[in-house]
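Per my numbering: the sequence shown = residues 240 to 378.
Hints are computed from structural coordinates only; laboratory data are not their basis. Be aware that a few hints might be false.
What follows is a list of derived Cβ distance ranges for each label pair [stated by the list, open to error]: (1) Phe301 <-> Asn350: 29 to 37 Å; (2) Thr323 <-> His262: 20 to 28 Å; (3) Arg318 <-> Asn350: 25 to 33 Å; (4) Leu260 <-> Leu341: 32 to 40 Å; (5) Arg321 <-> Glu266: 18 to 26 Å; (6) Ala313 <-> Met240: 17 to 25 Å; (7) Arg321 <-> Val267: 26 to 34 Å; (8) Met240 <-> Arg330: 17 to 25 Å; (9) Arg330 <-> Gly272: 17 to 25 Å; (10) Ala372 <-> Ile335: 17 to 25 Å.
Beta carbons: idealized from backbone N, C-alpha and C, even for Gly.
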Amino acid sequence: MQHVFTYGSLMFEPVWRRVVLGHYQSEVASIRGFRRLSVREKEHPALVVSRGGDQIVGRVYFDVRQSDIERLDAFETERYARVTITATAERDHRLILAQAYLALNVDELTNKDWDVSRFEREGLPRFMVGYVAQHAPPN
240 MQHVFTYGSL MFEPVWRRVV LGHYQSEVAS IRGFRRLSVR EKEHPALVVS RGGDQIVGRV
300 YFDVRQSDIE RLDAFETERY ARVTITATAE RDHRLILAQA YLALNVDELT NKDWDVSRFE
360 REGLPRFMVG YVAQHAPPN
């Protein structure tokens, strides 16, 4: 079992629950040295390595079963690579080794940071009926 750091659509319970089958504990955490960029003409973001000390706040899910890791891999598609990162728990500042999905589709990215609030307000419903409906593995 592995921990998974989510920084975009998978931070949101409706998306997470549609993709994975298990129930997992989670908590808010952050990572440094990465940016969360908007993908051109898409609702979801992409994670890229940053040269600065940029910080991204996301959510870590703990002890995710291998079968659900495979479901997440399928959902993220070949445009993302699963890599090991170190996250810091917001609550107690402990370090957590976790998997995260790093963008390979850099030509599709903008240089604009992804707007989490806008996604929650406007993008989530469209994302659920669009991308999630097309890419989430069958239950």
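Checklist entry - Which earlier hints turn out false for this structure, listed by number in ascending order? => result As far as the earlier hints go, 3, 4, 7, 10 are violated by this structure, in ascending order.
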